[in-house]
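S.K.: Here's the letter readout for the chains.
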Amino acid sequence: MSETKLIVNGEERSVEVDPNTPLLWVLREQLKLNGTKFGCGIAQCGACTVHLDGTPVRSCSTPVAAADGAEITTIEGVGNDDGMRHAVQAAWVEHQVPQCGYCQSGQIMSAVALLRDNPDPTDEDIDVAMSGNICRCGAYGRIRAAIKTAARA
Amino acid sequence: MGKWTRRGFIAAGVVSGGALMVGVGIREGHRAPKLAKMMTEDGETLVNVWVKLNTDNTITAIVPHSEMGQGVFTSMTQMLADEMDADWDKVTYEQAPAHEAYANYPLGREFLMGDTKVPGMVQDSLNGGFLRIAQSMGLQITGGSTAVRFTGMGGMRIAGAAAREMIVKAAAKTWDVPAKELRTEKSFVYHDATNRSEPYAAFAEQAGKYAPPTQPKLKSPEEFKLMGKPLKRFDIPSKTNGTAEFGIDVDLPGMKYAAVMGPPVLGAKAEQVDETYAADMPGVIKTLNKGWFVAVVADSYWQAENAVRQLEVTWSKTGAESLGQSDIYALLGQAIDDADGKGKEDIAIGNARRAAGGAARVYEAEYRVPFLAHAAMEPINATAWVREGKVEFWSGLQNPLAVRDEIAGALNVKKHDVTVHNVMLGGGFGRRSEADYPLMAVEIAKEFDHPVKMIWSREQDTQQDWYRPASISRFKAGLDEDGMPVSWENMFVQKFDPPEASHIPYKIDNQLIQHTEAEHHVRFGPWRSVDHTQHGFFIESFVDELADQAGMDGYTYRRKLLEHSPRYLTVLDAAADAAGWGRDVPDGRGLGIALVDSFGTVVAQVVEVDVTGPEPKVVHVWCAADPGYVMNPDGFTAQIESGIIYGLTAALYGNITIEDGAVVQSNFHDYPMLRMRDAPEITVKLINSGAKVGGGGEPGTPPIAPALANAVFAATGVRVRSQPIASFKQGLT
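Keeping their order, the protein sequence lines are chains A and B. For the first sequence, this note's numbering assigns the number 165 to the last residue and increments by one with no breaks. For the second sequence, this note's numbering assigns the number 734 to the last residue and increments by one with no breaks.
Honestly, I wouldn't trust all of these hints.
[To be verified] To spell it out: a stretch of chain A is covered by chain B in this simulated footprint if at least three of its residues, at any positions, have a beta carbon under 8 Å from a beta carbon of chain B; those stretches are:
#1 55 to 63
#2 71 to 85
#3 96 to 109
#4 112 to 125
[As the list claims (entries may be wrong)] Here are the computed lysine to any residue pairs in the SDA-like style, where the Cα-Cα straight-line distance is at most 20 Å:
#5 B:LYS618 with A:GLU136
#6 B:LYS345 with B:ILE505
#7 B:LYS233 with A:ASP137
#8 B:LYS187 with B:THR56
#9 A:LYS44 with B:LYS618
#10 B:LYS618 with A:ASP137
#11 B:LYS233 with A:GLU136
FYI, nobody ran anything at the bench for these hints, they're computed from the structure. If you're wondering where the values come from, they're calculated on a predicted model, not measured in any experiment. For each residue, glycine too, the CB sits at the ideal point set by N, CA and C.
Full structure from sequences and hints, please.
M.R.: Here it is as structure tokens:
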């Protein structure tokens with residue numbers, strides 16, 4: 013056990029855990045941020061995607077020690093400063109993307125990172141950025157369309 | 002709509018606080034006065050309540066189904082609100098608690114199926130429950146694509162219409178005007194002649210004094226204001242900001258975490274558990290050997306999961322340890338051999354054998370499909386708190402009422418001492434209609450005073466599933482000089498549900514469809530569209546082969562065999578037209594078509610495949626679907642898109658195999674899923690034929706595998722008779 017300091021959605025947080033604990037479980041169990049989901053545990057499905065210093069990472073396979081001092085953004089921190097939806101979230105509603113919705117936090121985190129780095133992504137760019145996120149409800153077509161809508165927003 | 006049977010009733014009354022409740026229910030032996038009495042005693046929970054008109058003029062629909070991605074809360078509420086002429090902006094829903102009052106089987110049993118008797122019911126049998134859903138509608142089951150077509154058509158609409166009629170009657174009495182001079186719109190009653198209008202709630206008390214109409218008048222489709230509209234789903238905003246609460250998100254004070262491990266060879270028991278190492282690991286509170294599984298409870302899930310993997314378990318021998326996948330295929334094939342043409346009859350029309358004997362020639366083929374896991378995104382989980390003889394339970398369930406009964410039975414407590422909280426499912430696909438994981442969670446939790454949340458690893462989720470069965474199907478067709486079939490013989494192994502899944506839509510005068518049984522230890526589970534997944538592939542591949550034998554393309558040949566059915570032809574034509582069937586495609590590409598009628602919905606799909614890469618890539622899927630009437634076009638389209646991707650994932654990659662009796666695959670690296678880069682463009686055409694309303698959740702799935710296999714044939718001349726199809730080139734030598 014050791015103390016790890018995290019900056020989560022702009023807030024400083026400190027946790028006492030085994031430094032090997034995956035960031036996912038610290039977010040969910042210690043910090044009670046349940047929007048980030050467990051899917052596979054081996055960085056295959058993307059349900060646990062969060063931003064670590066702006067980069068999308070799979071929190072199920074990121075030891076919390078690797079996030080010490082880092083800025084972490086989760087789905088709960090994605091909205092704009094005034095509490096409004098992010099353009100990606102608005103596009104997700106407009107296109108009625110989610111079905112079961114379980115993978116969507118991860119999908120949105122990947123999409124937000126994509127659009128920040130690449131405001132006008134091609135289909136190939138979307139393929140590359142989004143193929144790490146599995147959706148078992150098969151909402152891929154709507155995700156693609158929503159990303160393009162958000163890019164125009 | 003069918004007739005409203007004598008045993009059906011609509012109950013109504015004003016509950017505490019002045020809200021009007023109107024419910025539809027049917028229960029043998031319960032007469033309305035008795036139920037009215039029950040309602041007065043216990044307000045909301047004793048009747049099959051579907052609507053509540055609140056004093057602030059908002060309306061709450063109570064939906065007896067689970068939300069697992071299909072938008073059921075929205076479509077159910079939409080049907081009710083339309084009949085009620087409700088203001089959609091002021092309508093909300095509640096999910097019905099797990100209570101008999103909300104069970105949907107009476108509707109299915111008595112109203113929708115006339116007076117068809119149901120054998121034995123499924124009251125206490127959950128694991129077998131789904132098998133009988135076609136006969137019984139199960140118990141508050143979400144599955145079998147039943148919500149819109151049964152609960153919606155037989156419950157929500159009638160409740161809404163009855164509530165509206167009662168309010169109108171109350172307004173007529175209050176204003177002393179004839180009811181026929183009144184009109185309703187957006188939760189208000191209007192009397193235009195005197196320029197009066199009042200919200201529905203103003204008449205709730207008076208309306209509650211009336212006996213509900215026994216046969217409320219339902220709208221005809223031209224009168225629909227909400228049905229048929231692409232209303233946005235209630236649950237979607239919460240699924241874009243992390244606030245939607247799934248089973249895995251349940252968080253209780255003092256809660257601990259459990260990780261489990263089931264037997265690698267399904268059915269084995271843990272004989273010995275060496276916990277020497279695991280028990281001393283950080284955070285570990287207790288290790289448990291429950292025989293049918295082992296578990297570790299710890300302060301955090303990660304600690305529990307690490308520790309459970311360190312338990313050294315000696316599993317009992319079941320006799321299946323030597324079984325491999327090829328053995329299973331061999332025993333399935335052997336079962337068909339052993340049946341020797343004398344299986345259990347699904348269909349016998351004319352004399353198929355004699356017709357084949359007299360045919361110009363016969364054509365035969367055999368097809369095979371592998372086991373499939375469900376692989377919902379949310380790994381199996383459940384939370385339980387057992388104390389003082391009472392059980393509180395949280396999970397995402399497709400059959401919450403039966404789970405409650407199973408838990409009561411397993412822990413030997415009274416049913417009403419078990420409270421089941423059904424939370425959102427991160428995908429269901431049939432897996433969450435089983436009771437194994439709820440029982441595991443309560444078996445663990447009963448060892449503690451505090452709540453325990455059990456989470457399965459993805460590996461457990463994959464290896465402890467109830468699987469879409471591996472199956473083999475053999476066909477023989479007698480053909481005339483033009484290659485048209487004069488006979489259709491089919492023998493397949495293992496039949497589950499629904500019973501008509503092996504039937505063909507084509508007009509062939511002589512048919513003999515039979516099945517036989519086979520035994521192995523890999524347990525069956527309903528998997529999106531159940532038996533239609535395999536029979537869709539079998540039947541639609543074989544028809545395509547016959548088309549080729551006749552020198553025709555698959556579309557033209559099917560058209561000839563569907564001339565008797567305008568509905569099928571319309572759907573087939575719509576898919577073919579959308580795809581531009583008959584156009585030239587580039588080298589290395591091909592078009593394939595398939596049509597399957599499942600759960601009351603007719604679906605045809607055309608696949609364009611590109612085979613120039615190492616694996617076939619589906620470029621585009623054109624789909625036409627006729628569910629009779631589309632309640633929510635966008636929601637229905639989403640379900641069809643989803644069904645296509647789910648079926649395509651299985652067709653391309655799905656392959657659960659058995660080695661030394663155990664499931665080999667464990668996670669997404671070896672049980673791969675279709676991803677964004679592989680996802681085809683999908684075009685969906687909806688058809689409102691006016692036929693009896695069909696389902697939406699499953700019918701998109703069955704046609705995609707055969708449409709893909711048929712497209713691969715068109716592109717390559719290679720007939721793929723087994724799945725997974727992604728690896729078909731490896732089979733070429």
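S.K.: For LYS233 of chain B and ASP137 of chain A, compute the direct alpha-carbon distance and say whether it is at most 20 Å.
M.R.: violated, 29 Å
S.K.: Test coverage of the region 112 to 125 of chain A by chain B using CB-CB distances below 8 Å; three residues minimum.
M.R.: holds (count 7)
S.K.: Would you mind confirming whether the straight-line C-alpha gap from LYS233 of chain B to GLU136 of chain A stays at or under 20 Å?
M.R.: violated, 29 Å
S.K.: How does the coverage statement for the region 55 to 63 of chain A fare against chain B, requiring three or more residues with Cβ below 8 Å from a Cβ of that chain?
M.R.: With 3 residues closer than 8 Å to chain B, the region 55 to 63 of chain A meets the three-residue bar; holds.
S.K.: Can the restraint linking LYS44 of chain A and LYS618 of chain B be considered satisfied, given a maximum Cα separation of 20 Å?
M.R.: At roughly 41 Å apart (the allowed maximum being 20 Å), LYS618 of chain B and LYS44 of chain A break the hint.
S.K.: For the pair supplied as a hint, LYS187 of chain B and THR56 of chain B, is the alpha-carbon distance within the 20 Å limit?
M.R.: holds, 15 Å
S.K.: For the pair we were handed, LYS618 of chain B and GLU136 of chain A, check the Cα-Cα distance against 20 Å.
M.R.: holds, 15 Å
S.K.: Is the Cα-Cα distance between LYS345 of chain B and ILE505 of chain B 20 Å or less?
M.R.: At roughly 17 Å apart (the allowed maximum being 20 Å), ILE505 of chain B and LYS345 of chain B satisfy the hint.
S.K.: Three or more residues of the region 71 to 85 of chain A near chain B by CB distance under 8 Å?
M.R.: violated (count 0)
S.K.: Quick check: do three or more residues in the region 96 to 109 of chain A have a beta carbon closer than 8 Å to a beta carbon of chain B?
M.R.: holds (count 6)
S.K.: Does ASP137 of chain A sit within 20 Å of LYS618 of chain B, going by the straight-line distance between their CA atoms?
M.R.: holds, 18 Å
Going through the hint list in order, the structure does not satisfy hints 2, 7, 9, 11.
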